[in-house]
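Just so you know, the sequences run in chain order P and V.
Each position in the first sequence, counted from 1, maps to that position plus 634 in our numbering.
Each position in the second sequence, counted from 1, maps to that position plus 634 in our numbering.
Worth flagging that the hints you see were computed from the coordinates, not collected in a lab.
On a predicted model such as this, the values are computed, not experimentally measured, just so you know.
Heads up, a few of these hints could be off.
Same chains, same label: a pair holds when it works inside one copy or across any pair of copies.
[Claimed, not checked] Below 25 angstroms or equal to it, Euclidean Cα-Cα: the simulated SDA-like pairs (lysine to any residue) are: (1) K723 to Q786; (2) K880 to F891; (3) K710 to T839; (4) K710 to R892; (5) K723 to G790; (6) K723 to G802; (7) K710 to D694; (8) K723 to D693; (9) K723 to E881; (10) K656 to D671; (11) K880 to G802; (12) K880 to A804; (13) K710 to M888; (14) K656 to A804; (15) K880 to G731; (16) K710 to R826; (17) K656 to L769.
Number of protein chains: 2
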Amino acid sequence: MSLTLTPLPDIPLIQQGDDLGKAILMALERAEITLLDGDVIVIAQKIVSKAEGRLVNLDDVEPSPEALNLALSTEKDPRLVELILRESKQVLRTRPGTIIVEHRLGFICASAGIDHSNVQEPSDRLQKGAEWVLLLPEDPDASACRIRQQLQEASGAQLGVLIIDSHGRAWRLGTVGISIGLAGIPGIIDLRGQPDLFDFKLQITEVGAADELAAAASLMMGQAAEGTPVVHVRGFPYALRNSSLKELLRPREMDLFR
Amino acid sequence: MSLTLTPLPDIPLIQQGDDLGKAILMALERAEITLLDGDVIVIAQKIVSKAEGRLVNLDDVEPSPEALNLALSTEKDPRLVELILRESKQVLRTRPGTIIVEHRLGFICASAGIDHSNVQEPSDRLQKGAEWVLLLPEDPDASACRIRQQLQEASGAQLGVLIIDSHGRAWRLGTVGISIGLAGIPGIIDLRGQPDLFDFKLQITEVGAADELAAAASLMMGQAAEGTPVVHVRGFPYALRNSSLKELLRPREMDLFR
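Using the sequences provided together with the hints, build the complete structure.
Have a look at this one:
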C-alpha cells in the first residue's frame, strides 16, 4: 500500500565501459534488498552516460560559425554551444546564460541536457584545467532496456527501469526529476472515460506516472554529488508494461508554447 | 534512509465546513501511524477546496461579454469561462477545449485549476443535471498553515503540510502533482555554490523539492476517484522550515515562454 524509495549507498564512481547492471546488483546486495516482481530501479542519467562513454573533452570540439554566433549572444563557451547544437533539433529560446532546445530525443530542455558538474576523467583529477562535459545517452530507452534485462536475468523478477534527468520548468523555479529512458514502466496512465465517484466521466485523465516517479526518485538522489544515483522503488501503484519515452512527449502540433 | 509515502485509506467524503484536520488525524489513527518530527502530510487540493466551500453552481454564474467571446472560440461553457477569468490574472493561450492562464495565485495552469469531476453537492446526487465546479482554495498557503497547526497541536510533532494539484505540462503529456500550498516544507533547496565531487561549483542547483514531493504523493493518490486524497510522508530528505508557494514561482521577467 505504501511507495518506498530507497537510495542505494556506495555505488562506485562509474567510468566508461563499467558494467552498470552489475554495479547496481552489488549495491542491492549490500543494501540487503532482494528484487521482487513490480519493483522499479531508477537511475540518474549521469552514470548511464559515463558508462556509455559520453564524456567529451571541450578541447576536442571545433565550433561552427553558427555556434560562435550563438555563443556570443548567450555568453557561453563556443565549444559547449557547438555540442548543444549537435545534440538538438531546434533552438527554441536563448538569452545570456540560457539556451533552450528541442533535444534530438524529442524533449525540450536547457543546454541539450549537457552536464558540466561532477564530470571529470579520472586521470584529470589533479588537472583542474581540463574541461570535460557529459552528453545524454545516445538512446536512453535502449539503455534502460539493456539494464532491465540484466537485472531481470540476475533476479528472476519482472522489473521496471527508469533513467532520469533533472529539468527546469518554464514557469516554476527549481529543477525536478524527469524521465528520459523507460523500460517496462508505463509513461502515461490513461484514465480517460473512466467514471469518477459520481459517474461523471473524468476530464483530466492522463497521468504522467513515470515522470511522477522520476521526481520522487530525484528527491532521494539529491544534487550535491553523485553518491546516490540509483534508487530502488517498491510499491509503484500501476502494472508494469512495455513503454517508451515517446509516450511522454507532447506532439509538436499540440504544443502551444513553442 | 528511505522515503515512504502511505496513502491514508477511508478519508470520508469532505463537505463544506468539515474539519479536515480532524478527518486526517482520525485517518492516521485508523492507519496506526503516529506522527513524528519531520513527517509531511500531502493533501489533494480538492478536499481542501470542498471543506472551504469553494463549490460554485454554474447556474448562479452570469457570463460577461468577454467570457461569452472566449467561450465561443474555445467551445467551452460560458459560465465556466467566466469563473476561469475571475480566477485569473491573464489569459496566455487558448484553443478549442483549452484555456491556459496565469492564476491569481501566480502559477500558470489550464482552466484556472477549476475542476469539474468528482464535484457534486450531496443533495444533488440523484439530479445528474446539476453542474457544480470547484475553485482552488482562496489562499492555499494559509490553508496549509491552519491544517499544519492543528496537526502539530494534536501530535506534538514538527510537521510539513503540502497542498497539491495536478497540472499538465507545456511539452510533455500527462499531468503531474504540483505544490499549490506550503507550510513548513521548503519549496526550493538552494545548492548554488556548493562544491561537487570534483570541487567544481554546481551549476543546476536549485532543486524544486516540494514539487518533487508533490509528484511523488500524487502518484499514490491516483486520479480515478478521491478515495486517497491524503498521503503521509516519512523520510523527506531536507530540513523543514517556513516557506510559501512564492518560492516556486518563476518571476515574470525570467519567463521565456509567456
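Against the structure, the hints come out as follows:
no., hint, verdict
1, K723 to Q786, "neither (35 angstroms within a copy, 51 angstroms between copies)"
2, K880 to F891, "both (19 angstroms within a copy, 23 angstroms between copies)"
3, K710 to T839, "between (41 angstroms within a copy, 18 angstroms between copies)"
4, K710 to R892, "both (23 angstroms within a copy, 24 angstroms between copies)"
5, K723 to G790, "neither (40 angstroms within a copy, 54 angstroms between copies)"
6, K723 to G802, "both (19 angstroms within a copy, 23 angstroms between copies)"
7, K710 to D694, "within (17 angstroms within a copy, 56 angstroms between copies)"
8, K723 to D693, "within (24 angstroms within a copy, 49 angstroms between copies)"
9, K723 to E881, "within (19 angstroms within a copy, 32 angstroms between copies)"
10, K656 to D671, "within (19 angstroms within a copy, 37 angstroms between copies)"
11, K880 to G802, "both (19 angstroms within a copy, 16 angstroms between copies)"
12, K880 to A804, "both (20 angstroms within a copy, 15 angstroms between copies)"
13, K710 to M888, "between (31 angstroms within a copy, 18 angstroms between copies)"
14, K656 to A804, "neither (37 angstroms within a copy, 37 angstroms between copies)"
15, K880 to G731, "between (29 angstroms within a copy, 24 angstroms between copies)"
16, K710 to R826, "between (44 angstroms within a copy, 19 angstroms between copies)"
17, K656 to L769, "within (23 angstroms within a copy, 51 angstroms between copies)"
The structure does not agree with the numbered hints 1, 5, 14 stated previously, though it agrees with the rest.
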